[in-house]
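Visitor: Throw the hints in and build the complete structure from the sequences for me.
2 protein chains.
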Amino acid sequence: MLKKKDAYVVAVVGATGAVGVEMVSVLEERNFPVSELRLFASANSEGKVMQYKGKDVTVHTLTKDSFAGVDIALFSAGGSRSLEFAPIAAAAGCIVIDNSAAWRMDKDCPLVVPEVNSHHLKDIPKGIIANPNCSTIQMLVALKPLHDAAKITRIVVTTFQSVSGTGKKAMDELMDQTVALLSFKEPANKVYPHRIAFNCLPHIDVFLDNGYTKEEMKMVHETHKMLDPDIKVTATTVRVPVFRCHAESVNIETEKKLTANEARAILAAAPGVIVYDDPSKNLYPLQIDCVGKDDTYVGRVREDESIENGLNLWVVSDNLRKGAALNAVQIAEELIK
Amino acid sequence: MLKKKDAYVVAVVGATGAVGVEMVSVLEERNFPVSELRLFASANSEGKVMQYKGKDVTVHTLTKDSFAGVDIALFSAGGSRSLEFAPIAAAAGCIVIDNSAAWRMDKDCPLVVPEVNSHHLKDIPKGIIANPNCSTIQMLVALKPLHDAAKITRIVVTTFQSVSGTGKKAMDELMDQTVALLSFKEPANKVYPHRIAFNCLPHIDVFLDNGYTKEEMKMVHETHKMLDPDIKVTATTVRVPVFRCHAESVNIETEKKLTANEARAILAAAPGVIVYDDPSKNLYPLQIDCVGKDDTYVGRVREDESIENGLNLWVVSDNLRKGAALNAVQIAEELIK
Numbered sequence: 000m001l002k003k004k005d006a007y008v009v010a011v012v013g014a015t016g017a018v019g020v021e022m023v024s025v026l027e028e029r030n031f032p033v034s035e036l037r038l039f040a041s042a043n044s045e046g047k048v049m050q051y052k053g054k055d056v057t058v059h060t061l062t063k064d065s066f067a068g069v070d071i072a073l074f075s076a077g078g079s080r081s082l083e084f085a086p087i088a089a090a091a092g093c094i095v096i097d098n099s100a101a102w103r104m105d106k107d108c109p110l111v112v113p114e115v116n117s118h119h120l121k122d123i124p125k126g127i128i129a130n131p132n133c134s135t136i137q138m139l140v141a142l143k144p145l146h147d148a149a150k151i152t153r154i155v156v157t158t159f160q161s162v163s164g165t166g167k168k169a170m171d172e173l174m175d176q177t178v179a180l181l182s183f184k185e186p187a188n189k190v191y192p193h194r195i196a197f198n199c200l201p202h203i204d205v206f207l208d209n210g211y212t213k214e215e216m217k218m219v220h221e222t223h224k225m226l227d228p229d230i231k232v233t234a235t236t237v238r239v240p241v242f243r244c245h246a247e248s249v250n251i252e253t254e255k256k257l258t259a260n261e262a263r264a265i266l267a268a269a270p271g272v273i274v275y276d277d278p279s280k281n282l283y284p285l286q287i288d289c290v291g292k293d294d295t296y297v298g299r300v301r302e303d304e305s306i307e308n309g310l311n312l313w314v315v316s317d318n319l320r321k322g323a324a325l326n327a328v329q330i331a332e333e334l335i336k
Numbered sequence: 000m001l002k003k004k005d006a007y008v009v010a011v012v013g014a015t016g017a018v019g020v021e022m023v024s025v026l027e028e029r030n031f032p033v034s035e036l037r038l039f040a041s042a043n044s045e046g047k048v049m050q051y052k053g054k055d056v057t058v059h060t061l062t063k064d065s066f067a068g069v070d071i072a073l074f075s076a077g078g079s080r081s082l083e084f085a086p087i088a089a090a091a092g093c094i095v096i097d098n099s100a101a102w103r104m105d106k107d108c109p110l111v112v113p114e115v116n117s118h119h120l121k122d123i124p125k126g127i128i129a130n131p132n133c134s135t136i137q138m139l140v141a142l143k144p145l146h147d148a149a150k151i152t153r154i155v156v157t158t159f160q161s162v163s164g165t166g167k168k169a170m171d172e173l174m175d176q177t178v179a180l181l182s183f184k185e186p187a188n189k190v191y192p193h194r195i196a197f198n199c200l201p202h203i204d205v206f207l208d209n210g211y212t213k214e215e216m217k218m219v220h221e222t223h224k225m226l227d228p229d230i231k232v233t234a235t236t237v238r239v240p241v242f243r244c245h246a247e248s249v250n251i252e253t254e255k256k257l258t259a260n261e262a263r264a265i266l267a268a269a270p271g272v273i274v275y276d277d278p279s280k281n282l283y284p285l286q287i288d289c290v291g292k293d294d295t296y297v298g299r300v301r302e303d304e305s306i307e308n309g310l311n312l313w314v315v316s317d318n319l320r321k322g323a324a325l326n327a328v329q330i331a332e333e334l335i336k
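Residue numbers (numbering that gives the first Met the number 0), protein chains in the order written: chain A, 0 to 336; chain B, 0 to 336.
Keep in mind that a hint or two might mislead.
All copies of an identical chain are treated as equivalent in the list; a pair is satisfied when it fits inside any one copy or across any two copies.
With a straight-line Cα cutoff of 20 Å, these simulated PhoX-like cross-link-like pairs (lysine-lysine) come out [what the hints assert, rightly or not]: (1) Lys63 / Lys52; (2) Lys256 / Lys54; (3) Lys336 / Lys54; (4) Lys184 / Lys125; (5) Lys189 / Lys280; (6) Lys213 / Lys280; (7) Lys150 / Lys292; (8) Lys121 / Lys2; (9) Lys336 / Lys168; (10) Lys121 / Lys3; (11) Lys121 / Lys106; (12) Lys184 / Lys167; (13) Lys231 / Lys256; (14) Lys121 / Lys167; (15) Lys336 / Lys121.
Hints in this document: simulated from the structure, not taken from any laboratory.
Note that the structure is predicted; figures quoted are calculated from it, not measured.
Guide: Dropping the structure here:
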């Protein structure tokens, strides 16, 4: 476990990626007690300089010796690097908070959204804490208070996920393809198997034997691990030509009846949730409005008339912040409380 | 009822709109027996010349006298114009096939998708047949064969609808906003209440008292009228920054169990449906691939593991063709059979 100190040596692994950049800025914004910030990335980024609280911090190549003296390491460098380096970091004595999928389903690694299950942080056998998948995080921030109030029995979710979930290269691809199309040129696909500009791809992460994608099954398994293994979940995850923030159409069935007004009141009182729901004024959460926001926005709250006890919700959050960097830093904040 | 002839005088009302243009080209492509084509639109388009089978046809302003001698009138000029002019056209002796929402729920107006309920065309008391909403048409083309095989009890649908569903002005708005953003200019909203470029709007048509939009309730009511009033339906309809074709994430519960393979086999044998479903080759229906296609494409067929008997489907079709113009012309083809 982490020794309490006035300030901590914090490492960001994958510092130059879309999430890594956001991690550095979230640490700064939230004034996390950092005595020293160390930035690591692949050899390509060696010597790159980033800013933290007005000072230059040089990015170094990640090696097995990177973690000496580090208290907390925030990883966002992909699954294979996490598999290799997170145990090395933990053995060197630091607590790893890993944003990849590598450790999420390991029973010895807590998978945590502070608003949902911070009590899972009591025991960290491997010294590794997993940050959940972005699409699961925002869904559970919105559903936890409703589950507490009315016990959710089933979730049918369809996502509208932005390209930043794939990373910087995918954001460039959406931009490049859009420019190419507007210039009557043939757009190239490098990151995605098909064109994303002016198109939706019902395909996120790899396909599994049951016909679902890994992304879809993450929403099932992570909900079970964090919220309740008895909730039935089915998901369809779709990439949309939006740069940042994910939206989700979430249909839930509950044991107890909740009216839309009751649900809105419960959500309005919940941590990390903003209810933004006034159809008479065309107010509902939009991806472009949630960029850089910390909260999860919920709107379009409606009673599902097709079942006895059901609700439809539209849930939007910044996938790079609450969906990744912010949630990781919030876990670190829980650790030092 | 329509008198059988070798060829018919056909009018297209709203000929210069996105759907009207498509109606003219579908009539030509399918070689509908047209003895004379008359094109009508608002006064703004008076004198405009369109092409039909290599010949010029002049667009005239719609008036009360436009329908003398017309056998079949295809309307796509908005609800208020349909409310006013469809009865005038019917009184002049022609059969109206109306693409607006104006007559859809009138019990004396059949609402028809030929693959689903062509038998409803036996009785046309008012001389007006309604063409269903685009998002309902493609959903029911895909669901009718599954309903016949396994009796659908509930549908949870979330749509990804292209801007062409709103019309030509909305297609221009998506283009103009995209260009503005790429030029670092402030994009203007004229058609939609919020920016559509690089954004998704969970708002199609107007909001109703129950919190749903009209578009969402159309999917409920039209499914009941055309397919089965006992099917429970809940819908979330979303506009996405795509020019043409609608996609739908459709979750169904059935009385009888269908495996994914059984569902694919049933769909492959159904009229108007193409199964396009091979995840191992990254094959699934895409909006950009369905432009100009007549069929409804179904992929991502998966058993829903959250309930006993359920399936998830991804359904894509060209909203201007099967979702509007083609379906209207197919209704006309049924009438002259």
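Visitor: Decide, hint by hint, whether the structure agrees.
Guide: Consistency of the hints with the structure:
1. Lys63 / Lys52: neither (27 Å within a copy, 73 Å between copies)
2. Lys256 / Lys54: Answer is neither; intra-copy 54 Å and inter-copy 63 Å both fail.
3. Lys336 / Lys54: For Lys336 and Lys54, neither the intra-copy (27 Å) nor the inter-copy (79 Å) Cα distance is at most 20 Å.
4. Lys184 / Lys125: neither (51 Å within a copy, 50 Å between copies)
5. Lys189 / Lys280: Answer is between: at 16 Å across copies they meet the 20 Å cutoff, but 41 Å inside does not.
6. Lys213 / Lys280: between (38 Å within a copy, 16 Å between copies)
7. Lys150 / Lys292: Classified as neither; 28 Å inside a copy, 45 Å across copies.
8. Lys121 / Lys2: within (14 Å within a copy, 80 Å between copies)
9. Lys336 / Lys168: Neither: 36 Å inside a chain and 55 Å across chains, both beyond 20 Å.
10. Lys121 / Lys3: within (15 Å within a copy, 80 Å between copies)
11. Lys121 / Lys106: For Lys121 and Lys106, only the intra-copy Cα distance (14 Å) is at most 20 Å; the inter-copy one is 63 Å.
12. Lys184 / Lys167: neither (22 Å within a copy, 23 Å between copies)
13. Lys231 / Lys256: For Lys231 and Lys256, the Cα distance is within 20 Å both inside one copy (18 Å) and across copies (18 Å).
14. Lys121 / Lys167: Result: close neither inside a copy nor across copies, 34 Å intra and 58 Å inter.
15. Lys336 / Lys121: Result: close within a single copy only, 12 Å intra versus 73 Å inter.
Of the numbered hints stated above, those contradicted by the structure are hints 1, 2, 3, 4, 7, 9, 12, 14, listed in ascending order.
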